[in-house]
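Respectively, the protein sequence lines represent chains A and B. Just so we're aligned: the first sequence equals residues 1 to 128 in my numbering. Just so we're aligned: the second sequence equals residues 129 to 290 in my numbering.
Check the hints yourself; a few may be wrong.
To be verified - Here are the simulated lysine to any residue pairs, SDA-like style, with alpha carbons at most 25 Å apart: (1) LYS192(B) with ASP32(A); (2) LYS49(A) with GLU152(B); (3) LYS164(B) with LYS49(A).
Keep in mind the hints are simulated off the structure, nothing from the lab. Computed from a predicted model, the values in this text were never measured in an experiment.
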Amino acid sequence: MKKFEDQNHEDLEAFFLSAQRALPTPSDQLRDRVLQNAQALMARQGAEKSDSNGSDIGFLGGLSDFWSGLGGLKGWASLVVIAGLSFQFGGVAPEVEAQIYDMISGQNERVFEGSDPFEDLYLAYLEG
Amino acid sequence: MPSQTPDQLDDTALLAAYAKGMPEAARILTERLMPKLYAQAYHRLQNAADAEDIAQEAMLRLWKIAPNWQSGRAKISTWLYQVVANLCKDRGRKPPMTALEEAPEPIDPRLAVDARLQDERRASALYKALDQLPPRQAQALRMRHLDELSNPEIAAIMAVSI
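Excised from the complex, chain B in its bound form:
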């Protein structure tokens, strides 16, 4: 039977490998999980610097818990989602306007400026609209359409208090 490469391991196996001292596991987990955590934080705070701080803090908590992680508990991605949600809540929402030097780089530099501006305006309008919804409703919409979580993941997260 061919053995799995590290890239093919699931998050729990990778975390166990990291806890046993395998640096490659940390790299794969970072590339797999960190962009999602960053996106989740950014969609809530609309501030790139804050989103980076929160993604870094969430990953740090993952490294800390690695030796004691029990495979029977929640999925790592679900646990991290809740960590980020809590960190965002603690930090509070800041105004979306940022200083020029903090302005995020566009995903695709080739994207036309007007199209990018339109996306930013729409995103801003969407965030405002979501803020006006009841919190759980807004949370469900964010998870489904912004964080692109699956329905079982959303159900698992919504069932527990954040």
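Next up, chain A with everything else stripped away, as it sits in the complex:
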């Protein structure tokens, strides 16, 4: 005859065994999702690694990339010329634009009378 403890132990084992048997199988979709996550992270981490390799020399590397992106010396020269021309022909501050508009419309002629830096421009406009 079995001891009470042994019997209890066997019963308990049977219960644990039942719990194991009642365990549902994880779905194939779960496996697919886990692998998709793995691949997505692998791609992202690979991309981050290649990005960090590209800037190993830090600030100078970034400056170099920026410089090349602008087209080197030739690009910089073009940029400076364009900036200068813009300032000369229209890249002026809004308040100066307003003054020009006022002059053209004749509203503030007295204000600028005798000291109008844009007098020539105004006259040229009136003369067509």
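Following the hints, complete the assembly by docking chain B onto the known chain A.
This is chain B only, laid out in the frame that chain A set:
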């Protein structure tokens, strides 16, 4: 000396291989570890959908930590065990009753219906009984008899706070 096939590599080597961009390593790790994580979560939550969410989240955390994993630290399976335990704790225990459409498929469809029902009833009774034990005692029993961890693994897990 014959070289090892990927299947023969241990978890740490496989994780390092994954971090270096070997997709096969992810597949082997998933097949090796994910069912255990799922089982662990299911035995605590008794809900298949929740167990799948938690297994997926735990594996995601493993992929994230892969590039920084230090081989000298805890075993990967032990670390994952703790991750799942924490996730289960966060999610909290839900009632074992689930909607019909969420009802899990049986492991073996050939298993007689009455035998399956008996297993489910016994499992339910067991979960209730475990809930009445002091937490650490219940934890040790679950690890030994449900998660089928070895004694050294149980000792390692019990020694750290979860």
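Hint by hint, here is what the structure shows:
no.: 1; hint: LYS192(B) with ASP32(A); in the structure: holds, 17 Å
no.: 2; hint: LYS49(A) with GLU152(B); in the structure: holds, 20 Å
no.: 3; hint: LYS164(B) with LYS49(A); in the structure: violated, 32 Å
Of the hints listed earlier, the one the structure fails to meet is number 3.
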